[in-house]
Each structure stands twice: as C-alpha cells, then as structure tokens.
Amino acid sequence: MAVNAGKNKYQMDMCKGPLMKQIVIFAVPYVFTGLLQIFFNAADLMVVGRFASHQALAAVGSTGSLSMLMINIMLGLAVGTNVMVARYLGAKNRKQVSRSVHTAIATAIAGGIVIGITGLIFAPVFLRWMDTPDDVIGMSTTYMRIYFSGMPAVMLYNFGGSILRAAGDTRRPLYFLVIGGIINVLLNLFFVIVCKMDVAGVAIATIMSYFFSSIMILQAMRNMTDGCRLNWKKVRFSWPNLKEIMRIGIPAGFQGSCFSIANILIQSSLNSFGSMAIAGNTAACQWEGFLFTTSAALGHTMVSFVSQNLGGEQYKRIRQSIRYGIIFTVTVNITISAVLFIFHKPLLALFNADPGVIQYGFIRFALCLPLQWACALMEIETGALRGLGYSVSPMVIMIFGVCIYRIVWIETVFRYFHSLNVLIASFPISWVLVSVAGGLLLQKVLHKYPKNNVIKKV
Numbered sequence: 098m099a100v101n102a103g104k105n106k107y108q109m110d111m112c113k114g115p116l117m118k119q120i121v122i123f124a125v126p127y128v129f130t131g132l133l134q135i136f137f138n139a140a141d142l143m144v145v146g147r148f149a150s151h152q153a154l155a156a157v158g159s160t161g162s163l164s165m166l167m168i169n170i171m172l173g174l175a176v177g178t179n180v181m182v183a184r185y186l187g188a189k190n191r192k193q194v195s196r197s198v199h200t201a202i203a204t205a206i207a208g209g210i211v212i213g214i215t216g217l218i219f220a221p222v223f224l225r226w227m228d229t230p231d232d233v234i235g236m237s238t239t240y241m242r243i244y245f246s247g248m249p250a251v252m253l254y255n256f257g258g259s260i261l262r263a264a265g266d267t268r269r270p271l272y273f274l275v276i277g278g279i280i281n282v283l284l285n286l287f288f289v290i291v292c293k294m295d296v297a298g299v300a301i302a303t304i305m306s307y308f309f310s311s312i313m314i315l316q317a318m319r320n321m322t323d324g325c326r327l328n329w330k331k332v333r334f335s336w337p338n339l340k341e342i343m344r345i346g347i348p349a350g351f352q353g354s355c356f357s358i359a360n361i362l363i364q365s366s367l368n369s370f371g372s373m374a375i376a377g378n379t380a381a382c383q384w385e386g387f388l389f390t391t392s393a394a395l396g397h398t399m400v401s402f403v404s405q406n407l408g409g410e411q412y413k414r415i416r417q418s419i420r421y422g423i424i425f426t427v428t429v430n431i432t433i434s435a436v437l438f439i440f441h442k443p444l445l446a447l448f449n450a451d452p453g454v455i456q457y458g459f460i461r462f463a464l465c466l467p468l469q470w471a472c473a474l475m476e477i478e479t480g481a482l483r484g485l486g487y488s489v490s491p492m493v494i495m496i497f498g499v500c501i502y503r504i505v506w507i508e509t510v511f512r513y514f515h516s517l518n519v520l521i522a523s524f525p526i527s528w529v530l531v532s533v534a535g536g537l538l539l540q541k542v543l544h545k546y547p548k549n550n551v552i553k554k555v
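So my numbering is basically just the index in the sequence shown, starting at one, shifted up by 97.
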C-alpha cells in the first residue's frame with residue numbers, strides 16, 4: 098500500500114533530493130541529541146563529583162558498562178526497528194510500517210519491564226562480580242536499582258526515537274531531549290545540593306527526565322499522519338514483523354553487548370587501581386562520550402539513509418551516503434579530539450579538581466584520543482552494513498575484534514605488564530582492528546549491488 102501523502106514538516110524522503118544537504122540536516126540534530134544526552138549524563142557526574150565525593154563519582158561511573166550490558170539487546174532491537182521502518186517507508190508500504198511501529202512499542206514496554214526487574218534484583222550480585230570496591234558498592238547498588246526501576250520509560254524513549262528517525266525526523270527527539278535534560282539538571286541540583294541525596298538523587302533525576310521525554314515522543318507519534326502514527330489500540334506483537342526486527346536487532350544488540358562485556362572486563366581490571374583511578378577514568382570517559390556519541394549518531398544516520406534507499410532501490414545514493422558519512426564523522430571526530438587534548442585539565446577538573454583524578458584522566462586521553470577516528474570509521478561501516486540488512490557479520494567482527502581480543506589482552510599482556518597504560522591501550526588497538534575488518538566487509542557487500550540504480554519496468 099503506497100504512502101504518497103502524510104509527510105509532515107519533520108519527516109524526510111531520503112530517496113530524493115540533494116544527498117549531502119539531507120545528511121547534514123538529518124545528522125546535525127541527531128549529533129546534538131547524542132551530545133546533549135552525554136552532557137546531561139555528565140551533569141549527573143559533575144554534580145555528584147563536585148558536591149558529594151570522589152567515591153560517589155566512582156559509584157555512578159562504575160555502573161555504566163554493566164547497565165549498558167543489560168540494556169544493549171533492547172537497544173539493538175531499537176536499531177532493528179529503525180532499519181525495518183525505514184525500509185518499508187522507502188518501499189512505500191504503509192501497512193508494514195504500521196505493524197512494525199506497533200510491534201516495536203509493545204517490545205519496548207515488555208523488554209523494559211523484564212530488564213527493570215532483573216536490574217532491581219541482581220544489581221548487587223553483578224557489582225560484586227565486577228570487583229567493585231567496598232567503599233563504593235553500596236552507592237552503586239542504590240544507583241542501579243533506582244535507574245532500572247525506570248527502564249520502561251528508557252526503552253520507550255529509545256524505540257520512539259528510532260521510529261521518528263526512520264521517518265527522517267531528528268529534530269523533535271532533540272527538542273524533547275533538551276526539555277528532559279533541563280529537567281534532569283535542575284532535579285540533580287535540587288536532590289544532591291538541597292536534599293543531600295548524592296547518588297540516589299542523581300538516579301531519580303535521570304529517570305524522571307526519561308519519563309517526561311518518553312511521554313513527549315509518544316505524543317509526537319500519536320500526532321503523525323502516516324504509517325508511523327501511534328494508536329494504542331494497535332499496540333501488539335506482529336510476529337512476522339518482530340522476527341524481522343529481531344533478525345537485525347539481536348545481532349546489533351549482541352554486538353553492543355560485546356562492547357559492554359569487554360568494557361566490564363576493563364572496568365573490573367581498572368577497579369584494582371582504586372577509587373581515584375576509577376574517578377579519573379570516569380571523568381575522561383564522559384568527555385570521550387562526546388566522541389562516541391557523535392560517531393554513533395552518524396552511524397545511525399547511515400542506518401536510516403541506507404535502509405530507505407535500499408527499499409527504494411537507489412543504489413548509487415547508498416554509496417554516496419556512505420562516502421559522505423565517512424568524511425563527515427572523521428572530520429568532526431578529529432576536531433573534537435584535538436579540543437579535548439588541548440584543554441584536558443580544565444575539562445577534567447569540571448568533574449573533580451583533585452590532581453590525582455585529573456592525572457588518571459589524562460592517561461586515558463593520551464592513549465585513546467589519537468586513534469578515536471578509527472572508532473568513528475567503525476560506526477559508519479557498521480551502520481551501513483545494518484542498513485543493508487547485514488547484522489550478523491559485523492557482530493562476528495565485533496566479537497573477535499573487541500570482546501575476545503580484549504579478554505586475551507587482559508589475560509596475557511596486562512597480566513605480565515600490570516599498569517594502567519597497558520590496560521587502556523587495548524581500546525585504540527581494538528578500534529583499528531575492527532575498522533579495518535569492517536571496511537573490507539563493507540566493500541565486499543557493496544559489490545553485490547549495481548553501481549547505478551535499477552530502473553523498474555512499468
């Protein structure tokens with residue numbers, strides 16, 4: 098069934114028009130959405146690090162990898178939703194768009210409940226497995242339990258955002274995040290400074306901001322006029338659509354989990370250097386988050402553009418999208434890396450002014466920033482492959498290039514040369530390995546498609 102009408106001012110037909118301009122219009126709000134999300138997360142750490150203690154900063158920072166491990170499969174399904182909705186939009190199949198949208202919302206609700214209950218029950222067990230220091234494990238447990246209690250809102254925000262972006266709408270997720278982020282910062286200050294709630298206050302503020310953001314995204318979907326329009330009476334599982342979403346999403350989520358597993362192993366090893374090292378690494382990671390988020394946003398831009406153009410059989414635009422994406426993301430990444438390196442002292446001091454924390458943070462900057470471009474390239478390659486329907490192959494590359502590689506590194510090189518520098522060096526090396534392998538795979542896949550568009554016979 099064709100979708101010839103119903104586009105609103107926020108949506109974009111990615112199969113027509115000036116491609117570079119469209120990518121910029123689509124990607125810039127997406128990048129700012131990611132950057133603001135990192136900034137508001139960083140605000141949590143700034144408030145707790147400046148107005149509580151470095152133990153409180155370490156407590157919040159030590160939960161990041163574990164939290165992402167638990168929710169990555171669901172976030173992978175959100176990527177699968179983006180791919181399928183964008184592809185059906187490109188093919189102008191309104192019926193399948195609607196089925197995919199309502200299946201995705203049902204999945205977000207069910208998955209959020211399951212993950213939330215799991216986090217509430219097993220948070221202290223998981224933290225013990227990571228050898229979280231005794232002086233922070235109590236606060237870390239509190240933070241995780243509060244955070245996971247709001248997991249349905251987190252999932253609805255992410256799935257709803259994926260649907261809007263599949264339709265070419267990256268502006269409204271940005272607007273909603275700004276509102277939610279301001280609420281988050283204000284509540285952070287109130288709970289931590291006024292109510293003296295340290296990590297509990299930060300967690301409550303985060304969940305409340307997700308609650309408001311998810312409501313706004315769902316309301317935006319209710320007001321859409323095409324197949325993406327949300328009708329609560331239609332929210333149910335359509336098994337064929339769920340199967341397609343899972344085909345793309347589960348490998349994508351498992352790929353993300355590989356990163357988290359590897360990062361948990363790194364975090365566990367890092368914990369052996371004490372809470373000061375954890376705090377410094379946490380501060381540096383928050384600033385690096387601007388780089389990761391920019392790269393991930395542009396990678397997801399590739400998912401949407403490649404998926405829609407694959408559905409519309411616009412093969413030339415697929416190649417052009419990938420080329421422009423690489424130029425864009427590598428340029429932005431190198432620029433931000435240079436700024437972080439030059440101004441590392443005042444930037445790290447925003448989290449905690451202790452000279453020890455700053456020194457530990459700079460160790461990570463010095464080792465990781467020069468090769469961040471490889472991580473950016475990796476995201477573009479992965480996003481393009483997912484958009485083309487290839488999700489298992491990049492997952493395999495990620496398992497070997499990140500997870501298995503870092504396990505081997507920890508058990509061999511790090512065991513014999515037990516230093517923080519050696520431990521952190523595993524990150525940039527893995528980025529280079531995966532970007533090279535991903536690039537070779539992408540070239541092989543693109544050879545299967547004609548260089549010019551196939552003209553359908555009428």
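A portion of the hints provided could be inaccurate.
In silico DSSO-like pairs for lysine-lysine, Cα to Cα no more than 30 Å straight-line [said to hold, decoys possible]:
| # | residue 1 | residue 2 |
| --- | --- | --- |
| 1 | Lys293 | Lys192 |
| 2 | Lys545 | Lys189 |
| 3 | Lys118 | Lys548 |
| 4 | Lys413 | Lys330 |
| 5 | Lys442 | Lys113 |
| 6 | Lys189 | Lys442 |
Since the hints were made in silico from the structure, they are not lab data.
Can you give the numbers of the hints that this structure goes against, from lowest to highest? Of the numbered hints, 1, 4, 5 and 6 do not hold.
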